[in-house]
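Enquirer: Sequence:
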Amino acid sequence: MRRVALSRLDLVRALSRHRGLLAAGLAAGSVASALGVLAPSGEAGVLVLRAARDLPAGAALANADVSLVEVPRAAVPDGALAALPDVVGRLLAAPVRRGEALTDVRLAGAALLDRDPDRLAVPVRLADAASATLLHAGDRVDVLAAASRPGAAAEAQVVADDVTVLAVPSAVEDAGEGALVLLAVEPSVARRLAAAAVSSRLSVALRPAT
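For the sequence shown, position 18 (counting from the first letter as 1) is numbered 17 according to numbering that gives the first Met the number 0, and the numbering increases by one without interruption.
Keep in mind the hints are simulated off the structure, nothing from the lab.
Be aware that one or more of the hints could be misleading.
Claimed, not checked - Pairwise CB distance ranges, derived in the manner of DEER restraints: (1) Ala43 x Gly78: 14 to 22 Å; (2) Ser130 x Arg96: 25 to 33 Å; (3) Ala129 x Ser198: 16 to 24 Å.
Ideal placement from N, C-alpha and C gives every residue a C-beta, glycine not left out.
With the hints as constraints, model all of the structure from the sequences given.
Expert: Below is the structure:
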């Protein structure tokens with residue numbers, strides 16, 4: 000078979016005649032590629048609750064603070080929450096950023112103890128109810144005890160040091176009775192707190208954030 004050499008002019012003419020077909024082919028390829036990117040992989044996503052805005056530690060969550068979104072299963076963190084009743088009204092144990100998935104350890108309460116099963120959640124009544132309003136879930140505090148009986152030394156003793164606040168009251172109904180806060184403490188510290196509460200007035204000193 001005799002080979003025919005095409006000149007540059009012949010190639011240009013051939014491309015010009017088939018330009019429409021080439022353009023259509025390239026367009027079809029582009030559409031197919033785009034559909035491959037946009038089309039779902041077939042794996043169903045998982046619904047999780049995310050923070051709708053930046054939220055501080057100690058914030059009481061409301062419906063407007065969270066949104067339910069679908070995310071890939073591989074991107075769902077352990078302990079992710081998906082039911083509004085599980086979070087509405089609960090307090091945040093630490094700050095969260097907008098778009099961050101809400102998990103069980105982000106909420107104040109006994110669930111935080113899952114990270115440290117050797118600790119107990121212990122309610123402690125502070126003599127000065129107003130001081131409780133300065134606390135937030137996630138704060139670290141020292142608990143001080145000052146004897147309340149007449150004639151006792153006025154010096155306060157540390158009965159629990161560097162313990163975590165799990166929850167604080169949203170409102171103080173009876174300031175005369177003090178205010179309860181929930182702390183995470185070791186069993187031995189829980190016993191000291193119980194003994195101190197019988198004969199002492201308890202207060203807290205905030206530790207600096209680390």
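Enquirer: Each hint should be assessed against the structure and marked as holding or not.
Expert: Hint check:
Here the CB-CB span from alanine 43 to glycine 78 is close to 20 Å, well matched to the stated 14 to 22 Å. In this structure the hint that serine 130 and arginine 96 lie 25 to 33 Å apart at CB holds, the actual value being about 29 Å. Checking the proposed 16 to 24 Å range against alanine 129 and serine 198 shows it holds: the Cβ atoms sit about 23 Å from each other.
This entry satisfies every hint, going by the numbered hints stated previously.
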